[in-house]
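Chains A and B, in that order, are what the protein sequence lines are. Going by the numbering used here, the first sequence opens with residue 1, and the numbers climb by one from there. Going by the numbering used here, the second sequence opens with residue 1001, and the numbers climb by one from there.
Simulated from the structure, these hints should not be mistaken for lab results. A couple of the hints might just be wrong.
[Said to hold, decoys possible] Sample of chain B residues at the chain A side, in silico, Cβ under 7 Å: (1) R1018; (2) T1024; (3) T1026; (4) E1156; (5) L1217.
[To be verified] Derived, one-sided and incomplete: chain B residues facing chain A with beta-carbon distance under 8 Å: (6) L1014; (7) A1020; (8) A1203; (9) G1208; (10) H1224.
In this text, a Cβ means the ideal position worked out from N, Cα and C, and glycines have one as well.
One letter stands for each residue in the lines below.
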Amino acid sequence: MSHSEPDLTSRSHAALGDPVLQRALGNATATFIERRRESVATVPDWQALRERARRVKEHTVNHLDYYLEQLVGRVEELGGIVHWASTGEDVSRYVVGLARARGVRVVVKSKSMTTEEIELNHALEAEGIRPVETDLGEYIIQLARERPSHIIVPAIHKTREQIADLFAEKLHVGRAQEVAEITAVARARLRQEFLSAGMGITGANFAVAETGTIVLVENEGNIRLSTQVPPVHVAVVGIEKVIPSFEDLSVFLRLLPRSGTGQKQTAYVSFLNGPRRAAEAAGGGAEGATPETEFHLVLLDNGRTRILADEQMRESLYCIRCGACLNVCPVYQKIGGQAYGWIYPGPIGAVISPQLQGLKEAGELPFASSLCGACREACPVAINLPDLLLALRAKVKEGGGEEPGARNTAERASMRAYAAMAKRPKLFAAVGRLMRGLGRLAEKGGRIRRVPFPPLSLWTKYRDLPAPPRGGSFRERWKKGEGKE
Amino acid sequence: MNNDRSPAGQAGVLAEVRRALGHTQTVRPEPLEPFVEEPAESRVEELIARFTAELRAVGGQAHRVISEGEAAALVARICAEAGGGGVGLSGSPLIAELGLAAALATGGLAPFPVADFAPSERGRLIMRLECCGAGVTAADYAIAETGTLVLTGDEEGALLASLLPAVHVALLRPRQIARTLTEVVAGLRRERMGRAAPACRSATFITGPSRTSDVELVLSIGVHGPKQLHVVILGE
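Pulled out of the complex, with its shape left as it was, chain A reads as follows (with noise of 0.2 Å):
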């Protein structure tokens, strides 16, 4: 999948330029986290959940082969269809193959990062068949042609107003004034669209390799309805998605809702075992079967397997898509997900993006990092997000490739004057006190709000420097003895 002109950096101006998106993404980071918080501490031994859902990722990642194998087997004793896809094209020719077969002409789809990633609509779209996003705002997305800003709340970047506008222009309906008429709207509208489906097509949060089972967790009922009202049900699924056992469920089922949205659960939690068996229904045989009731999987690998090739990547594959990472990122919270340019953003997304587009198309994402570290802190699998970051990054720069600004004149001289500063202690602490004068001329109130010369006036662009501290250096206080005790 490509994107996109311009770069990182010029996607990231054009972010922070705008106002909307900007309350937006402080809203939506601000009220995840302190849900989050709060769901969280509803757990007796957070931390234990976190150690044991890493043990289990780690055990099933490292043994993959051997629980895709049990869980296709499985899969298909209850009645269901295996297909298995090297990438994203494979997908693609298959599902339309199925929707041609089975005479398909519309498609509801529920929220899916995986076909996102491989551009299934497109496909679909390409072939005649339409596909319908069903959750609330990817619908909106869907509508407006637009990406996703946020793996959760995917439409958070536009108001309601604009959200009316957008239902008045596309459906040629009233214009909405409230929050419950947009929703009322969009009901109205998809119950039809699920009515008249002839397939519907899902992710799956998790895959259970000994019973087979499916999981897929929402808010909404669009899943269940995907699932439950079309006579096809195709789940299309990363090979990282399985793990190994019914009851690693209650651990998993714990994390991903309390990290993704801060509730303690979700409205539905769907647990689907093959296809709709209606002969037993029926309580007649296996001739009773009847074609309406299929269930496909689709298991896709679309570059998964160059990531488990490197041992210390491998645990990219663990994450669970929650989204936590998004929200505590300071990066991210300042550009939201667009600006990273392809559909996995945040700290998250510029470790997979990279490795399943390659580094020439998303080699710039592993340095759209400060590496803090919150990342990780807020991780419900503890994947260690900065140094699978900083790995990337001397990937890129071994690969012959830069980093963002490497042109920057400005900024590596910079950079080199810093260097050879930091290596002369007398020098650093003269510059240091020379630094700290000035600051205190230009300084106002404890800020300073612009500093007229780069780099620093890059920073001061966007927000405002802190005054130097009072009281001298760091070394000045330690040297007179202050602190110890």
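Mind docking chain B on chain A? Use the hints.
Frame of chain A; chain B shown alone:
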């Protein structure tokens, strides 16, 4: 779909997985040691109180009744308020025991058992439920610490009845309430969805009515599924 198991498919991806892991053949791993958590013991009354509070916190309502007569009257009242006339009833024995069909019909409603529709008539059942005001089901499990109901798909029509109408009423016996998700997951595996008990096609965990915060993070209830969820806790 004759190419499902083509070499480029199964053999391709699995071979890539093995190569990435450096495995020459697939070997069954030692499973992880079990994850042991403090067992949770609670009295039934505590569980009911906790379930009720958690359900209310997510926008659902729990009602406590002791006698079957009370339960039938309460369900009839909720369904009448739901409007629409039609009421889809799941085939659960509890619903038959309560004589709900008669109670609802007496109240001027039009109840019908979803089991009356054969699997081949699924499309008709869906259209019928779509026009209903309410669906009535019986839960198989509940989780006190999250206010969650669990319906299992022994009867698929029941899942549709809990999803399509604007109001979902679920009957629940106090002894079906467990304290934690862990207990319910273990029960589901043992009794319905594990390899030893593959009788059941699906299970649905329901925690409050359908909700979304996709527009400006404003909570909106009933976006796709029911707008109201009533749980009638019946008996001692």
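Structure-based check of each hint:
1. R1018: 5 Å, holds
2. T1024: Hint on T1024 of chain B: violated, closest Cβ of chain A at ~11 Å, above 7 Å.
3. T1026: At 5 Å from the nearest chain A Cβ, T1026 of chain B passes the 7 Å test, so the hint holds.
4. E1156: 6 Å, holds
5. L1217: 6 Å, holds
6. L1014: 6 Å, holds
7. A1020: 4 Å, holds
8. A1203: Where the cut-off is 8 Å and the nearest Cβ of chain A is about 4 Å from A1203 of chain B, the hint holds.
9. G1208: At 5 Å from the nearest chain A Cβ, G1208 of chain B passes the 8 Å test, so the hint holds.
10. H1224: 4 Å, holds
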